[in-house]
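*Asks:* First to last, the sequence lines map onto chains Y and S.
Once you know that position 156 of the first sequence is 357 in the working numbering, the rest is easy, because the numbers rise by one and skip nothing.
Once you know that position 77 of the second sequence is 62 in the working numbering, the rest is easy, because the numbers rise by one and skip nothing.
These aren't lab readings, by the way, just hints derived from the structure by calculation.
Built from N, CA and C at the ideal position, the CB exists for glycine as well.
Where hints are given, some of them may not hold.
Stated by the list, open to error - Pair ranges (Cβ atoms, derived):
| no. | chain 1 | residue 1 | chain 2 | residue 2 | range |
| --- | --- | --- | --- | --- | --- |
| 1 | Y | Arg422 | S | Ala(-8) | 56 to 64 angstroms |
| 2 | Y | Lys330 | S | Pro243 | 24 to 32 angstroms |
| 3 | Y | Val382 | S | Thr196 | 36 to 44 angstroms |
| 4 | S | Ser202 | Y | Asp217 | 55 to 63 angstroms |
| 5 | Y | Val382 | S | Ser21 | 30 to 38 angstroms |
| 6 | S | Asn237 | Y | Asp348 | 29 to 37 angstroms |
| 7 | S | Arg291 | Y | Asp348 | 25 to 33 angstroms |
| 8 | S | Arg175 | Y | Arg374 | 31 to 39 angstroms |
| 9 | S | Tyr233 | Y | Thr341 | 27 to 35 angstroms |
| 10 | S | Gln195 | Y | Ala312 | 30 to 38 angstroms |
Spelled out from the first residue to the last, the chains are:
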Amino acid sequence: MSPPDEYALTDAGLTDEERTALWIAATMVRLGGQAAGPAAIFKLGGSPALAAGEPLTADLGAEGESLADLFDAVSTRRVVSFVYRDKERKVSPYGLAHRRGHWYVVGGTPAGTRVFRVDRMLKIGVGDKPGAFERPAGFTLQDELPDAPWMAGEDDVIVDVRFDAGVAWWARRQLTSTAKVTEGSDGSITARFPVAQVEAFIGWLISFDDQAEILGPDEMRNRFVDHVTAAS
Amino acid sequence: MSSRRTAQRLARILAMLPWVIAHPGTTVDEVCERFSYSRSDLFADLNLVLVCGLPGYGPGELMDAFVDEDEVVVDAADYFSQPVRLTAAEALMLLAGGMAVLSSGSGPPALESAVAKLQAVIAPDAESVAVDIGSEPELASLLRKAASDGAVVNITYTALGSGDTTHRDIEPWAVFSTLGNWYVSGHCRRADAERVFRLDRIREATTTAQTFDVPESSPVPEVRYSPSVDDVAARIQLSPTASWVAEYYPVNIVSDGPEARVIDFSATDPMVTARLLLRLGATATLLSGDKVAAATDDLRERILARYL
Chain Y
202 MSPPDEYALT DAGLTDEERT ALWIAATMVR LGGQAAGPAA IFKLGGSPAL
252 AAGEPLTADL GAEGESLADL FDAVSTRRVV SFVYRDKERK VSPYGLAHRR
302 GHWYVVGGTP AGTRVFRVDR MLKIGVGDKP GAFERPAGFT LQDELPDAPW
352 MAGEDDVIVD VRFDAGVAWW ARRQLTSTAK VTEGSDGSIT ARFPVAQVEA
402 FIGWLISFDD QAEILGPDEM RNRFVDHVTA AS
Chain S
-14 MSSRRTAQRL ARILAMLPWV IAHPGTTVDE VCERFSYSRS DLFADLNLVL
36 VCGLPGYGPG ELMDAFVDED EVVVDAADYF SQPVRLTAAE ALMLLAGGMA
86 VLSSGSGPPA LESAVAKLQA VIAPDAESVA VDIGSEPELA SLLRKAASDG
136 AVVNITYTAL GSGDTTHRDI EPWAVFSTLG NWYVSGHCRR ADAERVFRLD
186 RIREATTTAQ TFDVPESSPV PEVRYSPSVD DVAARIQLSP TASWVAEYYP
236 VNIVSDGPEA RVIDFSATDP MVTARLLLRL GATATLLSGD KVAAATDDLR
286 ERILARYL
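All chains, full assembly: derive it from the sequences and hints.
*Replies:* Rendered as C-alpha cells:
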C-alpha cells in the first residue's frame, strides 16, 4: 500500500471562485490537440459552475505529450536529453514557456543558459534522477524568453533588413522592441535587429516574398541566398 | 464498461471522496453540481464505494458511503481523505490555460490568484512555467463587440497566400488565438461563405450600420483546412529536421521512417507551398506537384533577383 505522500495532492487552498476561474480558462485553451477534461478540476475539488465554460479562444500547439514530459522534468528537476539542430544535448530544464505560438525550454548547458524550441527537439528523454540540478540564483524565466522565434538560439548577429512599402505595415507589426526602424521616403522601412536563430530568421523573411532584402552583413546575405538556392 | 470509462469513473470517485469527507453535511445536489454527477450515477458510485476498503476487506476495513435523507455521508475512509496528485499533463493544462487567458489581458483576479496558488504546489521553483499568447490586438475588441451586437464590419484584408488586398464586409462570430496569431472567424459576404481572417493582415476595420442575426451556435473557432477539389497538391519528403511540418500543418503522412517522412501537402494557392519549401531549404524535397514546382521556381527567382 502506498503512503499518502506518494500519491496525494498538496492542498492548493483554492476558493470556489478560483477553481471556477481555472476551469473556465482551461476550457478556453487547447493543448496537444484537445481541451481540458474535468478530471483535473475534480481532483482540485470540483467546481460549482462546471457548465459555464466559454468557447475555445486559444490553441497552444500540438506537442501535448512531449510538453507533459518536459513539464515533469522541470517540476522534478530532472535532466533532459534530446537532439537539436543535429546535435545531442543534455540540458537542466529551468523552465518551460509558451510565447507567441511556440513552446520553449530554457535550461542550463555547459555553455550557459540556452533557449530551445520544443517543436525542434527530437528524441526527447527525461533522466531518472529527481533533484539533479539547482537553478542559478537570480534566474527569471521571463528575462530569458525570446520576443520572436529568431531570437531563441545560439547565433549572435545584427542584421539590417529593408522592407518595401507594400509590406512595411506588416513588418512593423512583427518586429520587436529591439529593432531600430528607419523610415524611407518611399514608404519602405529599414530595420536593424539582433538574430540568435538564423534558420528561424530566414524562414520568417521568406514570408515577405521578394518584398524584403537583407542589406547586411554580407555573410547573412550569402547564407540567405544559399538557403533559398538549396530549396528544391 | 470500457476501460477508459472505468478509469474516468474511478478518477471522479477518487476526487469526490476527499471533498465529501472535508465537507460533512454536504447535500446530494451540491455533490452532483460540483462533480457533474446525475443523481443516479452518484448513488451508483456510493454503492460501489461501500464495498471498497483497505486490504483485509473485513467489515472494519470497508468504507461507509450512503445518503442520509439528502446528506451524502462517507465514513471510515481516512485513507481517501486527500485527492490524488495531478498528472503532469493535467497540471500543465490547468496552468497553461490560466496563464494564456491572463496574458491576453482578459482574466479575472480570481484566475490570477488561482494560477499563483496552483503553481506554488506543483512546481517547486518560482516562475518555472510561463505562457504568453500576446495581448489582444486593438482590433479584437472592435470585432468582439460587433460579434456580440450583430454588426457587419468592413475590413481591408491582405491575403497570406496571394498577397492580394481586398475590401470585405464580414459578419464576425469569434475572435481567437492559435499558435501565436490572432484570428476572427465569421461569414464573409464577399465570398458568401465562412472564412477565417488573421488579425495582423487586416489593415483597417470599420463597423458599419448593417446588421446580421447572431447565430445561436457557430462553428468552433479554429484555423482549419477544408479540402477542395481546386486545391493544389504536392508530395514532399522531409528530413528529420523538417519533420515538425507534419505536426504543424494538416497533412497526410504517406510514409514515415527514421531518415525521412513523406507527406501530401495541399493548399488553395501553390504559393503557400512554395513559401514553405523555400523556408525548409535543403531539409525538404518536392517529389511531385507541377504547379508547386513552378510557383517555387518563380518565387526563388524573384527573391534571388534582389541579391544576385
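*Asks:* Evaluate the given range 29 to 37 angstroms for the C-beta pair formed by S/Asn237 and Y/Asp348.
*Replies:* Between S/Asn237 and Y/Asp348, where Cβ atoms are some 35 angstroms apart, the hint holds.
*Asks:* Just to be sure I understand the hint, the distance between the Cβ atoms of S/Ser202 and Y/Asp217 should be within 55 to 63 angstroms; is that true here?
*Replies:* violated (28 angstroms)
*Asks:* Is 30 to 38 angstroms right for how far apart the beta carbons of Y/Val382 and S/Ser21 are?
*Replies:* violated (52 angstroms)
*Asks:* Regarding Y/Arg422 and S/Ala(-8), is the given constraint of 56 to 64 angstroms on their beta-carbon distance met?
*Replies:* Since Y/Arg422 and S/Ala(-8) have Cβ atoms about 57 angstroms apart, the given range 56 to 64 angstroms holds.
*Asks:* Is it true that S/Arg291 and Y/Asp348 lie within 25 to 33 angstroms of each other by Cβ?
*Replies:* holds (27 angstroms)
*Asks:* Between the beta carbons of S/Tyr233 and Y/Thr341, is the distance compatible with 27 to 35 angstroms?
*Replies:* Holds - the Cβ-Cβ distance for S/Tyr233 and Y/Thr341, about 29 angstroms, lies within 27 to 35 angstroms.
*Asks:* Is the distance from the Cβ of Y/Val382 to the Cβ of S/Thr196 consistent with 36 to 44 angstroms?
*Replies:* holds (40 angstroms)
*Asks:* If I claimed the Cβ atoms of S/Arg175 and Y/Arg374 lie 31 to 39 angstroms apart, would that claim hold in this structure?
*Replies:* violated (23 angstroms)
*Asks:* 24 to 32 angstroms was suggested as the range; check whether the CB atoms of Y/Lys330 and S/Pro243 agree with it.
*Replies:* holds (28 angstroms)
*Asks:* A range of 30 to 38 angstroms was offered for this pair. Does it hold for the Cβ distance of S/Gln195 and Y/Ala312?
*Replies:* violated (59 angstroms)
In this structure, the hints that do not hold are numbers 4, 5, 8 and 10, in rising order.
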